[in-house]
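Line by line, the protein sequences are chains A and B.
Position 311 of the first sequence, counting from 1, maps to 311 under the working numbering, and the rest follow consecutively.
Position 200 of the second sequence, counting from 1, maps to 200 under the working numbering, and the rest follow consecutively.
Some hints here could point you the wrong way.
[Said to hold, decoys possible] Computed cross-link-like contacts, BS3-like style, restricted to lysine-lysine with a CA-CA straight-line distance of at most 30 Å:
| hint | chain 1 | residue 1 | chain 2 | residue 2 |
| --- | --- | --- | --- | --- |
| 1 | B | Lys59 | B | Lys190 |
| 2 | A | Lys62 | B | Lys147 |
| 3 | B | Lys274 | B | Lys60 |
| 4 | A | Lys44 | B | Lys258 |
| 5 | B | Lys307 | B | Lys137 |
| 6 | A | Lys53 | B | Lys231 |
| 7 | A | Lys53 | B | Lys194 |
| 8 | B | Lys147 | B | Lys190 |
| 9 | B | Lys274 | B | Lys190 |
| 10 | B | Lys321 | B | Lys51 |
| 11 | B | Lys194 | B | Lys147 |
| 12 | B | Lys106 | A | Lys62 |
| 13 | B | Lys66 | B | Lys176 |
| 14 | B | Lys133 | A | Lys53 |
| 15 | A | Lys44 | B | Lys190 |
| 16 | A | Lys53 | B | Lys158 |
| 17 | A | Lys62 | B | Lys258 |
| 18 | B | Lys263 | A | Lys62 |
| 19 | A | Lys53 | B | Lys324 |
| 20 | B | Lys231 | B | Lys133 |
| 21 | B | Lys137 | A | Lys53 |
| 22 | B | Lys106 | B | Lys300 |
| 23 | A | Lys156 | B | Lys258 |
| 24 | A | Lys156 | B | Lys321 |
| 25 | A | Lys44 | B | Lys158 |
| 26 | A | Lys44 | B | Lys176 |
| 27 | A | Lys44 | B | Lys237 |
| 28 | A | Lys156 | B | Lys58 |
| 29 | B | Lys133 | A | Lys44 |
| 30 | B | Lys133 | A | Lys156 |
| 31 | B | Lys59 | B | Lys300 |
| 32 | A | Lys44 | B | Lys66 |
| 33 | B | Lys147 | B | Lys231 |
| 34 | B | Lys176 | B | Lys158 |
| 35 | B | Lys321 | B | Lys158 |
| 36 | B | Lys231 | A | Lys44 |
| 37 | B | Lys158 | B | Lys106 |
| 38 | B | Lys58 | A | Lys62 |
Simulated from the structure, these hints should not be mistaken for laboratory data.
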Amino acid sequence: MNIRRATALASLALLPFAGAAHAQDAPSQAGVNDDLRQEIEAQKQRLAVLERKLEIQDEAAKAAAASAPRITASATRFQIGSADGANFIRFRGTLFADNRAYAGDSAPETADTFLLRSVRPTIEGTFGGIYDFRITPDFGSGRSIIVDAYAAARFKPGFVVTAGKFKPSVGLERLASEPDLKFMERGLPTLLVPNRDLGVQLSGDFAGGAFSYQVGYFNGVTDGQSSDNLASPDVESDTGGDYAARVFLQPFINSDNFSLRGLGFGVGATWQDLDGAAANPYLPSYRSQGQLSVFSYRANTATGTAPNNATYSDGERLRLAPQVYYYRGSFGFLGEYTQVKQDVSRRISPTVLRSDTLTNSAWQGQFSWFITGEEEAFRGFTPGSTWQPGKPGTGAWELVARIQELDVDDAAFEGGATSFANPLTAITKETSYGVGVNWYPWNTVKLSLNYDKTSFEGGAATGDRADEQAIFSRFAINY
Amino acid sequence: MDQTNWKRRLLLAMTAAVFVGGVGQAAHAKEITLLNVSYDPTRELYVDFNKSFAEYWKKKTGDDVKINQSHGGSGRQARSVIDGLAADVVTLALAADVDAIATNGKLLPLNWEERLPDHSAPYTSTIVFLVRKGNPKHIKDWGDLVKPGIGVITPNPKTSGGARWNYLAAWAWARKQPGGSDATAREFVKALYKNVPVLDTGARGSTTTFVQRGIGDVALSWENEAWLAQKELGPDKVEIVIPSISILAEPSVAVVDKVVLRKGTRTVAEEYLKYLYTPEGQEIAARNYYRPRNPQVAAKHQELFPKLELVTIKDFGGWTKAQKEHFGDGGVFDQIYAQ
């Protein structure tokens, strides 16, 4: 526009001089007028042509910009997409560098360690505005696995098909993404629900998210585990599959400012029935909140030609996971209870097979508070300020607290030497209290410090396993 | 019932649910959306036509069909489709641009012209001159366009289908002059482009340049575009001059197979193009100053379409040859315009 104006002004400024020059040479006034008129017309044409050429250039530039791929590189997002936004590929990732320390004699000295808890680059994207994919490997904890690899088709908000390896929708905290976790490690109820599994799921939201459902069928994994933990990673080795379902309601999510707007509750469940075999026990072990192994079923101790006497999954497994969260302003609460009814068997002798149904359960209540005033939510938040040396701003600060418990069925320990679990090495209950602080100096950076004190029942040769005091810290990048 | 049977049955049920759901969606889809990627001057034609077709389709099937329009220089539009613009149908200025989509984009078969009558050109047009009121520069025929001081407005043949028809019509006139040959035609066209001050990307842009910006003395124009300009501005602003010779311009239409296959819109897309050949479709074309193929409709509107000598693309060996020879990279146009 400036060029156009400058050109116009320059041309108009020259007109009187051009006209004057002709006037001096012209033989008559009429001729002078004709010449002037023609010259002015010619100048007008030249000016109009210049303006039009600039206009065409502008149009071409706009057209090129409108069809050009869109590249986004911001503090939180790296993405390449088509001009219409219907197709894009996004690059994301998490890196968790942890330190684990244990106070006193609550854990062996070797448990104190630095570790890369999670190293997960992610490529995800959408094609045609409908078809999504995500591929996430994990190189953390000294192994290389595929965490997520799935494709999804969002035919309608209420009709989404997902297939591949992903989180079956059961446990509430399990469904939270890693960057959104309040504590560095998920709570005890998550030990009882599947982590990642291979399968297919139908899901959808209705009424603007007020009601959502997920129904799926998966290969099936033991409590808290992923399909990459199977004897043959990501390959099913048993005869049963997990049927998974979950409904979740947020009845007031569409209200403007109602105090219960942030309330959500629901229930998840899985069911499996399989023909067990002692050679493939297909049973879980459980960890303390400090991530140390505290419970497992009896392994095979038979020698020679004696039959395998490991405890194994044999029959039905039913998980139920009622769950709730509530977020209002800077405060948040997440509570869940998970119960697993598991049919188990153990061959005591060639002629005696002991079978039972064990019920293990866990619950937790966790509280969070942004002392810097940011809004708590189940998914995502934006720091009110960032922190940089020498500049104003503190970043976001969050205090968290949690109480939780895991209870293993007493029946697992009955029967002395014929029990399904050894009471001298496996705990029957753990109760944990935890507090923590999270600092988000930047949108994609999080520093965490957690303290968890856990007490146990059983799990020791005499009395109870010693209390555990775990002090975990983390430097996390989530982009 | 054992586990294996359960698992198989559930998988089958879920698979069935997915497909039944998908099919159900298709079966219940009451609103269908098509994208018609067209060339510059057809905006008004397809506004009228789309309305008529939507009513026809609603009456025939009960479904609502919404047709989105995209317009621009024909060559540029073809490029956009090749690059991924999801056109269910293309209605472009000339067969060469549809050929490019078939050849370079592989989005429809090479024999696309055979799928509809009149080699998939349901209406025609030609090239005329649009001059200012009173024709102050006394422009009567092609030969007047190369006189000194004449400003000729025509778009860029590299991006505009209409511009290629303009170019070929000028070439044809020169070749038919006494002593005319391809060599004299080349010199004539070269001289003509020396009088072109601005190359727009499309025909509508050229009309804007001539009519609204007041640039030039004559615009080489689609016949329909010239009529439309005169209708909108009035005969006291612009006049139409019919040259002694022009060219039969045959805009081409085609379904873009790969897009309709992906979107599940083949049936309605095919019916959309077939509707152009119906008496209703032909009448709409004629009302928008396109020459209808249907003899009865053409006779009804004969006063709009004066008879003149028309060469055809066959006189240039067909579009494949003409495109490569004249408008391809390094072709005659590049050579004469660069000089």
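For each hint, the structure was consulted:
no.	hint	verdict
1	B:Lys59 - B:Lys190	violated (53 Å)
2	A:Lys62 - B:Lys147	violated (36 Å)
3	B:Lys274 - B:Lys60	holds (14 Å)
4	A:Lys44 - B:Lys258	violated (50 Å)
5	B:Lys307 - B:Lys137	holds (24 Å)
6	A:Lys53 - B:Lys231	holds (27 Å)
7	A:Lys53 - B:Lys194	holds (16 Å)
8	B:Lys147 - B:Lys190	holds (12 Å)
9	B:Lys274 - B:Lys190	violated (40 Å)
10	B:Lys321 - B:Lys51	violated (37 Å)
11	B:Lys194 - B:Lys147	holds (10 Å)
12	B:Lys106 - A:Lys62	holds (28 Å)
13	B:Lys66 - B:Lys176	violated (47 Å)
14	B:Lys133 - A:Lys53	holds (25 Å)
15	A:Lys44 - B:Lys190	holds (25 Å)
16	A:Lys53 - B:Lys158	holds (17 Å)
17	A:Lys62 - B:Lys258	holds (28 Å)
18	B:Lys263 - A:Lys62	holds (29 Å)
19	A:Lys53 - B:Lys324	holds (28 Å)
20	B:Lys231 - B:Lys133	holds (13 Å)
21	B:Lys137 - A:Lys53	holds (24 Å)
22	B:Lys106 - B:Lys300	violated (40 Å)
23	A:Lys156 - B:Lys258	holds (23 Å)
24	A:Lys156 - B:Lys321	violated (48 Å)
25	A:Lys44 - B:Lys158	holds (28 Å)
26	A:Lys44 - B:Lys176	violated (37 Å)
27	A:Lys44 - B:Lys237	holds (19 Å)
28	A:Lys156 - B:Lys58	holds (24 Å)
29	B:Lys133 - A:Lys44	holds (19 Å)
30	B:Lys133 - A:Lys156	violated (57 Å)
31	B:Lys59 - B:Lys300	holds (27 Å)
32	A:Lys44 - B:Lys66	violated (45 Å)
33	B:Lys147 - B:Lys231	holds (29 Å)
34	B:Lys176 - B:Lys158	holds (25 Å)
35	B:Lys321 - B:Lys158	holds (15 Å)
36	B:Lys231 - A:Lys44	holds (27 Å)
37	B:Lys158 - B:Lys106	holds (21 Å)
38	B:Lys58 - A:Lys62	violated (37 Å)
Hint violations for this structure: numbers 1, 2, 4, 9, 10, 13, 22, 24, 26, 30, 32, 38, all remaining hints satisfied.
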